[in-house]
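Chains as they are written, first to last, in my numbering: chain P, 71 to 459; chain H, 71 to 459.
For the record, the hints were derived by calculation from the structure and aren't laboratory data.
Identical chains share a label here; the pair holds if one copy fits it or two copies do between them.
Pairs of lysine-lysine, DSBU-like flavour, derived with a Cα cap of 35 Å:
| no. | residue 1 | residue 2 |
| --- | --- | --- |
| 1 | K204 | K294 |
| 2 | K296 | K284 |
| 3 | K115 | K413 |
| 4 | K296 | K204 |
Just so we're clear, the structure is a prediction, and the values are computed from it rather than from any experiment.
2 protein chains.
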Amino acid sequence: MSALPAPLCPPRRILMGPGPSDIAPRVLAALAGPTVGHLDPYFLKVMDEVQSMLRQVFSTSNELTMSVSGTGSAGMETCVVNLIEPGDRMLVCVNGVFGGRMADVAARCGAEVTRIERPYGEVFTPDEVATAIKQCQPKVVGIVHAETSTGACQPLEEISQIVHDAGALLLADCVTSLGGLPVEIDQWQVDAAYSGTQKCLSCPPGLSPVTFSKAAGDVIAARKTKIASWYFDTMLVRNYWGQSRAYHHTAPINMNYALHEALRATLEEGLPARFARHRKNHLALRAGIEAMGLGFVVAEPYRLPMLNAIRIPDGADDKAVRGKLLNDYGIEIGGGLGAMAGKVWRVGLMGETSTPRNVLVFLAALEACLPGKVPAGAGVAAANAYYGS
Amino acid sequence: MSALPAPLCPPRRILMGPGPSDIAPRVLAALAGPTVGHLDPYFLKVMDEVQSMLRQVFSTSNELTMSVSGTGSAGMETCVVNLIEPGDRMLVCVNGVFGGRMADVAARCGAEVTRIERPYGEVFTPDEVATAIKQCQPKVVGIVHAETSTGACQPLEEISQIVHDAGALLLADCVTSLGGLPVEIDQWQVDAAYSGTQKCLSCPPGLSPVTFSKAAGDVIAARKTKIASWYFDTMLVRNYWGQSRAYHHTAPINMNYALHEALRATLEEGLPARFARHRKNHLALRAGIEAMGLGFVVAEPYRLPMLNAIRIPDGADDKAVRGKLLNDYGIEIGGGLGAMAGKVWRVGLMGETSTPRNVLVFLAALEACLPGKVPAGAGVAAANAYYGS
Numbered sequence: 071m072s073a074l075p076a077p078l079c080p081p082r083r084i085l086m087g088p089g090p091s092d093i094a095p096r097v098l099a100a101l102a103g104p105t106v107g108h109l110d111p112y113f114l115k116v117m118d119e120v121q122s123m124l125r126q127v128f129s130t131s132n133e134l135t136m137s138v139s140g141t142g143s144a145g146m147e148t149c150v151v152n153l154i155e156p157g158d159r160m161l162v163c164v165n166g167v168f169g170g171r172m173a174d175v176a177a178r179c180g181a182e183v184t185r186i187e188r189p190y191g192e193v194f195t196p197d198e199v200a201t202a203i204k205q206c207q208p209k210v211v212g213i214v215h216a217e218t219s220t221g222a223c224q225p226l227e228e229i230s231q232i233v234h235d236a237g238a239l240l241l242a243d244c245v246t247s248l249g250g251l252p253v254e255i256d257q258w259q260v261d262a263a264y265s266g267t268q269k270c271l272s273c274p275p276g277l278s279p280v281t282f283s284k285a286a287g288d289v290i291a292a293r294k295t296k297i298a299s300w301y302f303d304t305m306l307v308r309n310y311w312g313q314s315r316a317y318h319h320t321a322p323i324n325m326n327y328a329l330h331e332a333l334r335a336t337l338e339e340g341l342p343a344r345f346a347r348h349r350k351n352h353l354a355l356r357a358g359i360e361a362m363g364l365g366f367v368v369a370e371p372y373r374l375p376m377l378n379a380i381r382i383p384d385g386a387d388d389k390a391v392r393g394k395l396l397n398d399y400g401i402e403i404g405g406g407l408g409a410m411a412g413k414v415w416r417v418g419l420m421g422e423t424s425t426p427r428n429v430l431v432f433l434a435a436l437e438a439c440l441p442g443k444v445p446a447g448a449g450v451a452a453a454n455a456y457y458g459s
Numbered sequence: 071m072s073a074l075p076a077p078l079c080p081p082r083r084i085l086m087g088p089g090p091s092d093i094a095p096r097v098l099a100a101l102a103g104p105t106v107g108h109l110d111p112y113f114l115k116v117m118d119e120v121q122s123m124l125r126q127v128f129s130t131s132n133e134l135t136m137s138v139s140g141t142g143s144a145g146m147e148t149c150v151v152n153l154i155e156p157g158d159r160m161l162v163c164v165n166g167v168f169g170g171r172m173a174d175v176a177a178r179c180g181a182e183v184t185r186i187e188r189p190y191g192e193v194f195t196p197d198e199v200a201t202a203i204k205q206c207q208p209k210v211v212g213i214v215h216a217e218t219s220t221g222a223c224q225p226l227e228e229i230s231q232i233v234h235d236a237g238a239l240l241l242a243d244c245v246t247s248l249g250g251l252p253v254e255i256d257q258w259q260v261d262a263a264y265s266g267t268q269k270c271l272s273c274p275p276g277l278s279p280v281t282f283s284k285a286a287g288d289v290i291a292a293r294k295t296k297i298a299s300w301y302f303d304t305m306l307v308r309n310y311w312g313q314s315r316a317y318h319h320t321a322p323i324n325m326n327y328a329l330h331e332a333l334r335a336t337l338e339e340g341l342p343a344r345f346a347r348h349r350k351n352h353l354a355l356r357a358g359i360e361a362m363g364l365g366f367v368v369a370e371p372y373r374l375p376m377l378n379a380i381r382i383p384d385g386a387d388d389k390a391v392r393g394k395l396l397n398d399y400g401i402e403i404g405g406g407l408g409a410m411a412g413k414v415w416r417v418g419l420m421g422e423t424s425t426p427r428n429v430l431v432f433l434a435a436l437e438a439c440l441p442g443k444v445p446a447g448a449g450v451a452a453a454n455a456y457y458g459s
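Looking at chain P on its own, in the form it has when it is part of the complex (with noise of 0.2 Å):
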């Protein structure tokens, strides 16, 4: 028998990155709360609480809204195959890698998939997507909120407008936008999506919140195959996140405990304050690298705030970068994926970790890793001059 890991010691990072973002204390006391039953009376009043801030983070009155027990990706796969039955046509628009992920999840349940694309950064235009749902006829339109891989936000009213218009439901991942910037489901007709807690949220990664519309559930129940997942059947989660409380799978309990206490710090802070805040940390670091001599990877009006690709400077090596950020500071930030692979860095200011603190020391951090490449001092001097402003 091999010797016994040391117990673990986990260094603390500043999470910068992509997600996990920073975990309030509070978020991680709730997480380590006695664990009771998963039909205990205790538990069933936390789902139903988790099920009502969730519903007010959504803005939706969803009643099939809950967590899913997996990260992000599950929710994404739960929408996927419960709303696909196989030859049914999907049309997925892909601006970057969790738009091409959602496509080979719909490939996979059988769809007969449709992609439009634009450039890694880029968003679509009602128009492009009107076009391609004419052509293809599609019973579920996907698309990417807050594209994580980006940055880019694309604008889902217009395009949910048109969906519908063609009698198409609309999925939308809204993995990194969910408590950063509004998500209006019900106002915007979604009638699917999936987001991830370790993002905006800031609780640890392990579920991921789906709300479905009246009109999607009635295409659920309509279905004329099985669900070809029982994990993420939501017929029969549904019936234990509902009334009936009937035994599906064991939900994750102490991790909907820190969900629970993450969806009351959110709307503690208020929906309003919370986006406000976010907003404004985005503005000071884009103060701060502008006046480093570096640049965005999206257009101005469809940045995201809680996630800032910006292009890695000539002469400079990523990686190299990125671990003496780690290793000298404790601050993580994200490397390109796919397309952008060595070409971005993706610098997270989601939920607890949008701060001014934040921003000024990674602005100095990063200052410190690109010497005699950026102007002394400039960056953190912008955004001290912004947050005065």
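Following the hints, complete the assembly by docking chain H onto the known chain P.
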């Protein structure tokens, strides 16, 4: 906007149901450790150590051993969806709810499923399995090692020989057995197995340990069709857990911290000592239960030590007794599932829960819940006599 729910303050239960089991303070403390990024070198080390300890607990050298980012049923689905292609034949042995679930999952994955059945509480003989294999010539044979719905322990070694002689793969549900009973993956030549963290490993629910033999890995690599699930695709997940560390999904960081500590605690105690402890407390419970005039569902040689299905005595009110145990004594036990609903209580002595203190308090409290129906003091006296012997 609705009023904010109060902060959680979960009650301290003794978890003597079918899982989750009691969680050690050291595991809850690990769970609340500072979250790091899921590609942080520190977390990669955590994953390596979790893998290595899971191999020890599974008694295997299988490279493809890891924790699936979902609960036990997610592990079941991972095994089936990776091994089965549409049209493949699968034999599923059903003697309880979880065998039935496996058959359901297999059918959803497109398997041509043959079920053989035994009454709840009984186990399969090698001959029965051999006869069924001859008839249906399956690619995979699925069977439950420890049936959580009945408390029956299915011997696997002879059946494994028969399965392999027929050129098939053996898939075993070890959700409730792992960490409380010998699970000898290599010696028994089990090709795929899944478990849960919330049973005899005494870690909160949220992860599912799985392991695949080389033969199973070869079958997966030789598939003609894409794996129907992206989230559970081991060809992708193994690259994340393997040396290339390719990003797949975001692993539940803190849950893996907790599993790391739970595995450390398990191996620190030592598997043989842990198995002996489970057996000893089971036998003490049995002495008490029998002295109270109550009986077990499963015949003596096939009883699981960690899950005791006890027949509800005539005239006792199932729900009232369980409610009183929970509300007056903070003790959770489980009700019957499926065909056993209303007929049995399921008393778990799993992992941290398996202690003389819990055996005694349960017997004493059960007596209080069955006034006039059991001889006063007999249960506790018999258990004490057993311990004293």
